[in-house]
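S.K.: Taken in sequence, the protein lines are chains A and B. One point on numbering: in the working numbering, the residue at position 29 of the first sequence is 34, and numbering is uninterrupted. One point on numbering: in the working numbering, the residue at position 64 of the second sequence is 1474, and numbering is uninterrupted.
Honestly, I wouldn't trust all of these hints.
As the list claims (entries may be wrong) - Below 30 angstroms or equal to it, Euclidean Cα-Cα: the simulated DSBU-like pairs (lysine-lysine) are: (1) Lys1439(B) to Lys1466(B); (2) Lys50(A) to Lys1439(B); (3) Lys50(A) to Lys1577(B); (4) Lys263(A) to Lys1484(B); (5) Lys1511(B) to Lys50(A); (6) Lys13(A) to Lys1466(B); (7) Lys1466(B) to Lys1484(B).
Simulated from the structure, these hints should not be mistaken for laboratory data.
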Amino acid sequence: MIQDVEIKELRNIITVVKDMYNYDFGEYAISSFKRRIIRIFEIFKFNTVDELLVKIKTDKVFVEEFVKEVTVNTTEMFRDPTFWRKLRDDILPILSTNTNIRIWHAACSSGEEVYSMAILLKEMGLYDKAIITASDINEDVIKTAKSGIYPARNMELNQSNYERYGGKTKLDDYYKEAKDGNVQFDPKLISNVTFKKFDLVLGAPFSKFDIILCRNVMIYFNLELQDRVVAKFSESLFKNAFFAVGQKETIAWCKAAKSYSTYSIEEKIYRKVLE
Amino acid sequence: MERKFRALVIGGSAGSFPLVTRILHEIPKNFPMPVLLCLHRLKHVRHGFVEALSIKSNIPVVEPEDKEPIKAGKAYLAPSNYHMYVELGNHFALSTDEMVKFSRPSIDLTFETASYAYRDKMVGIMLSGANTDGADGMFRAHKRGAYTIVQNPEEAGVKTMPEGCLKLFTPDEVLNLDQIIKFIKELSV
Chain A
6 MIQDVEIKEL RNIITVVKDM YNYDFGEYAI SSFKRRIIRI FEIFKFNTVD ELLVKIKTDK
66 VFVEEFVKEV TVNTTEMFRD PTFWRKLRDD ILPILSTNTN IRIWHAACSS GEEVYSMAIL
126 LKEMGLYDKA IITASDINED VIKTAKSGIY PARNMELNQS NYERYGGKTK LDDYYKEAKD
186 GNVQFDPKLI SNVTFKKFDL VLGAPFSKFD IILCRNVMIY FNLELQDRVV AKFSESLFKN
246 AFFAVGQKET IAWCKAAKSY STYSIEEKIY RKVLE
Chain B
1411 MERKFRALVI GGSAGSFPLV TRILHEIPKN FPMPVLLCLH RLKHVRHGFV EALSIKSNIP
1471 VVEPEDKEPI KAGKAYLAPS NYHMYVELGN HFALSTDEMV KFSRPSIDLT FETASYAYRD
1531 KMVGIMLSGA NTDGADGMFR AHKRGAYTIV QNPEEAGVKT MPEGCLKLFT PDEVLNLDQI
1591 IKFIKELSV
């Protein structure tokens, strides 16, 4: 089993994927990218970098799997409950007088945050105003998000997050048991959600929003890429709109930060102040 | 010690809190390198740990943010529910990747990435702990030439972590806490 991959070999993999399939991992943070590649070796039982390269070059279906595994898809419902309280108690009340509330889950992964947001909006009576876009680079996780089907074993953590958030009811009011040890969330929760395949690295801004959530995504990017993506988000936000990153992220190192003011330092929510 | 080190990396879990508190209490002010702390902690307790470690510490203790530059004279505590990686270019990269040995932060991953960046310019110390997380990372650091110290299992409150290391390889030293503190003090001379 491979223990380590050299930077040169990582560059090689990145180049092939870029040239053949137009996914660009060239500006990913190298420490975590390397970890993902080593994980791919373990999952698919490759013994050498060449084996992986051959597979990438000859198997288009595998490349989608590869992209799914390279990008991190660990997520939770109501992860960081205090963040969701901030949305409920401070941010959504500001937006509640709007005709519409336009929300973008940028890199929505398997959709846990999309459902969290939908539940929050329902419980506030604002869901009907919401126009929600959920995007990800990988179609497979989008499929999961659309289906609303998740392993029942994850529900304990989700329920506990939801309780700490202070939800109005119980999380299991929103899902029912499904087969094979899964649960299925109420499809009504995504009736106002449009799912879309979108690559944050290469894609161009496509609309404007009141809130963009991109939590624990840009941690996998290097600083240059973070800067470009933050600028892209700035183009995708109305003036005074909100932009949230993960609890331990900051846009402070980015040049594009000058378009934003800090709305909540604790929850890492920014507000776009400059056009 | 003649070697010039660039980072001190410490791993531990249950039972290591008082040890780390003592180390930070005795560590010289203006310590000439960063101190990276990867300690297992409760996921939902975001606050309090840094504050508790800070009370008696001679150097500032912070939880780094993603891409924060790594500076000498500061202690960096891996944040709850994130892995803490050392990125080339001397800053941190955080990650929410899968848990390793039921742990996030994972001590293995901090040792793994730190030793890749610092090679033989790193000191790795494994303290008391109740899980084998950290042993593989320490072994990797050892193979990359890092100076490795394992707390004497006889003294450690919970022996699993130090013993896990000793099963895999022979570290440069096996020391009691007092000796570890003496070693750290000498690093700043």
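S.K.: All hints are to be evaluated individually against the structure, with a verdict given for each.
M.R.: Each hint, compared with the structure:
1. Lys1439(B) to Lys1466(B): Holds, because 12 angstroms separates the two Cα atoms, which is no more than 30 angstroms.
2. Lys50(A) to Lys1439(B): violated, 48 angstroms
3. Lys50(A) to Lys1577(B): holds, 27 angstroms
4. Lys263(A) to Lys1484(B): The hint holds at about 28 angstroms.
5. Lys1511(B) to Lys50(A): Holds, at about 20 angstroms.
6. Lys13(A) to Lys1466(B): violated, 44 angstroms
7. Lys1466(B) to Lys1484(B): Roughly 14 angstroms separates the two Cα atoms, so the pair holds.
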